[in-house]
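Going down the list, the protein sequences come from chains A and B. The working numbering puts the first residue of the first sequence at 11, with every later residue one more than the last. The working numbering puts the first residue of the second sequence at 44, with every later residue one more than the last.
Hints are computed from structural coordinates only; laboratory data are not their basis. A few of these clues could be false.
Non-contacting residues of chain B with respect to chain A, defined by C-beta distances greater than 10 Å in every case (computed) [unchecked claim]:
1. R191
2. N250
3. R291
4. A295
No more than 25 Å apart at the CA atoms, straight line, and that leaves these computed lysine-lysine pairs for DSS-like [stated by the list, open to error]:
5. B/K221 to A/K119
6. B/K292 to B/K221
7. B/K133 to A/K119
8. B/K221 to B/K133
Computed beta-carbon distance windows for the label pairs [as the list claims (entries may be wrong)]:
9. A/W29 to B/A255: 41 to 49 Å
10. A/I17 to B/A199: 30 to 38 Å
11. A/I17 to B/R290: 32 to 40 Å
12. A/A108 to B/A295: 44 to 52 Å
13. A/D37 to B/E163: 42 to 50 Å
These numbers were taken from a predicted model, which means no experiment stands behind them. Every residue, glycine too, gets a C-beta built ideally from N, C-alpha and C.
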Amino acid sequence: MTVHGTIVLLIIGLALQLWILNLIRRDRLYAGYGVFLVTAIAVVMLVVAVPLLLAGVTRVVGAIFPVSALTLLALGFIFVTLVYVLTQVTIVSNRLAAAIQELAVQRAKEDAERPLARQAPDR
Amino acid sequence: MDNSVHRFGEDRQRSRILAAIPAYNEAATIEHVIRRVRESLPDFDLLVVNDGSTDATGEILDRLNVTVARHLCNLGYGRAIQTAIKFAEKCEYDFLITLDADGQHYPEQVLGLYEASRAEGWDLLIGSRYVKSHDYSDSPLGRRIGMRLFSMLVRAIAGRRIYDTTSGLKVIRRPVFKVLSRWHFIDFHAEAIVYLLRLGYSIGEYNVTVAARTHGQSMYSMLSHIAYPLKTALILLLGVFEAELTRRKQSA
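The whole structure should be built from the sequences, with the hints applied where relevant.
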């Protein structure tokens, strides 16, 4: 793999990691998903950065060329789609959790205030 | 006064302290814990967050006539604590005290914890098992390593050693309610501690003893022993960045 290709892939990997970290920070992606994705990218970056590792992986999977641009693009597309779907799942479940919490707090507040209402004089 | 029918609204004019117990499938211990809290802290209001329990916890709480915030499904410990904070914020409490529902905390020690928090002015005071002895040997190896690691991480990042970052016994002062409900935390442990310290809030530890768990099991499963430290470490580091952004926004 060329030095130029390695640098480009490392930059893309770094950008993806920053994107994911920012999504976690903004509560758009669960930290659990984030750990998985950040680790996956870090492993790929390591394989890309160390030619011996990449050669080893190529040998293990039985590939002829170390990198197929088409496969890489396809994987990139799948990865971005995966992050998008997980982001949407996180957003929806965060909204659901917030609704459940709000309902719980509201009901608890009403429940707690009930004795006061009962003690209040008739109007 | 019959403690079994004590409700939080009855003396709300003088009491602004809320004791909150997050509970998930704690039928074996919850009744005993509530009775002990009521006996030891009769002037404190009590809230139990039933985090979608599937055992008899809900029926027991109904029978005990306690104020309950019911989650329709299990949202996890962190969300249960967050619900308690939201309730305390909404009802304008001055202090929120969180206790575990498994009976490991002694409610008798809570009064001392609260008094120390009020007298010394801590924004967050942690009931700590290790602040006095610095000895983690009573914990299983995995937890021991995790607790040491997070204790050192907190010191490295926030400049203050907190010996018990995973304690569920805490006294939280009102100004911190909004701060803690504004951002997302895993379990309000090391990540929340670092976040608050970086924002300039004061956090202390108060020596308490903890009983051995007699019923149920820890909320940390085998898988979570791997996932929890990673998630917490990630949120902890992002929390530093978030705290810095918040500080800049506030100063601007």
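* To do: List, from low to high, the hint numbers that the structure doesn't satisfy.
  => Result: hints 12 and 13 break, sorted rising.
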